[in-house]
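For this one, chain A is given, so just place chain B on it according to the hints.
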Amino acid sequence: MSTVKGKTTLADYDLVLDNSPHIFEKWSSQWIMLQVIIAMMLPLIAGIWFFGIQTLTLTSVAVITCVLSEYLYERLVRKRVTITDLSAVVTGMLIGLSMPNGASWFSVVFVSLFAIVVIKMIPGGIGKNRFNPAVGGRIVYLMAPWVVNTFVAGEDLITSASHAEAITTATPDDLVAAATPLYYISSGADYVPEGAQTLGNLFLGNQGGWGGSLGETSSLALLIAMAFLIIRRIINPKIPTLYIGTVALIMLVYSGFDFEFMMYHIFSGALLLAGTFMVTDYASGGLTPMGRILFPIGAGIITAAFRISGFSPEGVGFSILIMNAVIPFLDKIAMPRIYGHKKRPGVEPDYDLTEPLLKKDILTENN
Amino acid sequence: MRFKTVQKATFPKHNKSRTHNKAIEKIDAPPIMVFPMSMHLGAPAKPVVSVGERVKSGTMLGESQGFISADILSSVSGEVISIEERDILGAVYTCVIVKNDGQYLEEPYFSEAGNEVAPEMVPQLIKRAGITGMGGATFPTNVKMMPPKDKTIDTIILNGAECEPYSTSDLRTMIEYADEIIEGVRVIDSVFNVDKVYIGIEDNAKEAGEALKKAAEGYDKVEIKVLEAKYPQGSEKQLIENCTGRQVPAGGLPADIGCICSNVGTFQQIYRAVRLGKPMVERVTTISGTPIADPKNLLVRLGTPIDDLIDICGGFKEAPRKVIHGGPMMGKTIKDGATPISKGTTHVTFLTAEEVSAEERIDCIRCSECINVCPVSLQPILISNAYERGEIEKAEQLGAMDCIECGNCSFICPSKIPLLDNIRKAKTAIRQNVKAVQ
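In order, the protein sequences belong to chains A and B. For the first sequence, position 346 matches number 435 in our numbering, and the numbering has no gaps at all. For the second sequence, position 28 matches number 32 in our numbering, and the numbering has no gaps at all.
Chain A with its partners taken away, still in its complex shape (with noise of 0.2 angstroms):
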């Protein structure tokens, strides 16, 4: 073809042979994950702002003990190595945010060793993980000295675990004289007693751990953290506004309408950062959109009724657990109706819990 002299023709051209689609939009996953990063950046600076260098410090371990773990793990079961991926490095600065004040390294240490080997490696590592990694290690540590408490020092289980909660709100110095706002408002009370800290203090964020761990003192850092993954369409706004909807909604009520009670539940506690940066976890949130619906739902409602309960006044964790082990059979009745047919396909989704040990993953058989 090429005989026409100066014809341009595509013989003269290094030309691929492809399937369809050829243009693919400009993120990858690495992408989202280092948005998350930089909106937790804000929490982050407010926890230092109010205890001080160790919430650097602790959510510096915590970051390196992940990325370590995961990387260390992977080269031991001899799997690609994915930490480059940059999710270790957001479960670390999960959890360093979840910490209270004055945590020792060592716990932050095991906590992140936990949440990493355990929760997430072990099933298979990203996007496997049926529960999120860093809400299980704030869970450990929490049940942690419940469980040394209730069968080394034989209390019963509820005290011990309203001392266990009290100390992700709180430091140990603090319990008798000063509660925190959420110990207070919680057990079972259904307005806000008097003394306790004002409003805006919770909002503005406090020190000495009034409204929560190290990255939830601030309600303000929260809610710009938040605006800034959904300016940046990284999670869905649905998801934030159904959680802590639906918590405000059922405050609102048990309280008798009253506002304020509503607001402290709001900013104490981890209700903004689990709403922010837990509930919109994609690895163990839903993956159908009606499932994406019901999780923060069912995550609200089960916040609520700890919290009411007066079990624990922190349900956040134990509510995203929860739901967490719930979803996979919600996401199963949740399919989305394909065009053009009239039922649900009926097919479990694949989703069985030793899925990820048993059966083989392509993409890291192939390495």
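It should be emphasised that the hints constitute simulated quantities derived from the structure, not laboratory data. Quick caveat: nothing in here was measured; it's all calculated off a predicted structure. Be aware that a few hints might be false.
Stated by the list, open to error - Below, in silico cross-link-like pairs of lysine-lysine (DSBU-like), each with a Cα-Cα straight-line distance of 30 angstroms or less:
| hint | chain 1 | residue 1 | chain 2 | residue 2 |
| --- | --- | --- | --- | --- |
| 1 | B | 431 | A | 431 |
| 2 | A | 115 | B | 241 |
| 3 | A | 432 | B | 241 |
| 4 | B | 26 | A | 115 |
| 5 | B | 17 | A | 327 |
| 6 | B | 12 | A | 115 |
| 7 | A | 115 | B | 321 |
| 8 | B | 229 | A | 431 |
| 9 | A | 96 | B | 339 |
| 10 | B | 336 | A | 115 |
| 11 | A | 168 | B | 398 |
| 12 | B | 30 | A | 96 |
| 13 | A | 432 | B | 429 |
| 14 | B | 398 | A | 421 |
| 15 | B | 420 | A | 421 |
| 16 | A | 327 | B | 12 |
| 17 | A | 115 | B | 17 |
| 18 | B | 429 | A | 115 |
| 19 | B | 155 | A | 432 |
| 20 | B | 431 | A | 115 |
This is chain B only, laid out in the frame that chain A set:
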């Protein structure tokens, strides 16, 4: 989860601005023309000419075989110099090669054509003109015009939603041939006497909407639907749903819900065939992409090799790495410059090495974007996982066969998982399973 995409669509860059305002340019046919026996969906045609035979524009080169098939007509006058097997877009077809004598002698026009044509003659004239859908899928138009007796057609839908990036051929056709398109609608309306005519266009083609509105003045059935520019807005099933609110049942045809839907260009060809008696020998196609120095909308005779269009568009200013017959979302790549412009060649897209660089695949992070963007509400990642584990039955249960292969899932995946590739392979495996059972 980008919340814009809860609309079951993606938003690839349009890249239409370079050819948006360029008028259609009619070009001469090159000396050698290539006519594959399949320019349509369905059974390939059978050659009815022999080497050495003289042909004219409109002479039948290949006769349709079976119900879903179409005739192949010559678009130039000259001599058949070869009949050979060639690889056209990934499949081998018999091709009739015609040496163009440059005189463009024409076969006599269809004598039955005119302003008063009996309704039952319309599909026959459409068949004789070799008309297929011009939006890319190339379904034989005469078959569409002959729905089963028990179906009542009450709606005609014109597909002017040109959602593939780079393509402006439909846009220019609508602007420059608005009258002919509306006349084509009247032809079909005379057969079915429908209640409603929708013309679906995207909101980036406002001029086209105005031109058609003007052409359809006083024709009250016609409603121009300006739809959001998103991909795949121009997919037949999605367009029908967006215009009428009806869904084509699984495994069914638009006729099942009373609709006839075809590309705007097809209606222009219907007008020419039925009213003027002219066969379909040419079409508008856009030649575009970064490597092309002077991208254009060309009126090209069918069978023109792509190699003969490059210099007309100023040659390459950058080396192409991928040449796509069609658009970057659904088109097929080609290496052979002798691949001809066919009935469904809306455009030819050229991409540079930089534009096609593939990123490394990583693990799924379960962002559920593929589920959000799927226009038919599949769960692409679950089908892909099922295929990769060899669970073909599960892939079928998840609806793999309902996939319209629009490419949205692979396009959006932040982990760069080849979702559509896997679904395609799953579909092939399912078809083979079905065969094995029979």
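(message) Next pair to validate is residue 26 (chain B) with residue 115 (chain A); report whether the Cα-Cα distance is within 30 angstroms.
(response) 29 angstroms, holds
(request) With a cut-off of 30 angstroms on the C-alpha distance, tell me whether residue 398 (chain B) and residue 421 (chain A) pass. (result) Holds. Residue 398 (chain B) to residue 421 (chain A) sits at ~14 angstroms (cutoff 30 angstroms).
(request) Compare the distance between the alpha carbons of residue 429 (chain B) and residue 115 (chain A) with 30 angstroms, and conclude whether the hinted pair is satisfied. (result) Roughly 26 angstroms separates the two Cα atoms, so the pair holds.
(message) residue 420 (chain B) and residue 421 (chain A) were given as a pair; does the straight-line alpha-carbon distance stay at or below 30 angstroms?
(response) Status holds; Cα separation ~25 angstroms.
(message) Holds or violated: residue 327 (chain A) and residue 12 (chain B), Cα atoms, limit 30 angstroms.
(response) Within the cut-off at roughly 17 angstroms; holds.
(message) Between the alpha carbons of residue 155 (chain B) and residue 432 (chain A), is the straight-line distance 30 angstroms or under?
(response) Holds, at roughly 24 angstroms.
(message) Between the alpha carbons of residue 432 (chain A) and residue 429 (chain B), is the straight-line distance 30 angstroms or under?
(response) 25 angstroms, holds
(message) Need the status of pair residue 431 (chain B), residue 115 (chain A): alpha-carbon distance at most 30 angstroms?
(response) 28 angstroms, holds
(request) Verify the proposed pairing of residue 431 (chain B) with residue 431 (chain A), using a straight-line Cα cut of 30 angstroms. (result) Answer holds: residue 431 (chain B) to residue 431 (chain A) is near 21 angstroms, not above 30 angstroms.
(request) Sort out whether residue 398 (chain B) lies within 30 angstroms of residue 168 (chain A), counting only the CA atoms. (result) 27 angstroms, holds
(message) Just to be careful, I want the Cα atoms of residue 336 (chain B) and residue 115 (chain A) compared with a cutoff of 30 angstroms; is the pair within it?
(response) At roughly 22 angstroms apart (the allowed maximum being 30 angstroms), residue 115 (chain A) and residue 336 (chain B) satisfy the hint.
(request) Take the C-alpha atoms of residue 432 (chain A) and residue 241 (chain B), compute the straight-line distance between them, and say whether it is at most 30 angstroms. (result) Roughly 18 angstroms separates the two Cα atoms, so the pair holds.
No hint from the list above goes unmet by this structure.
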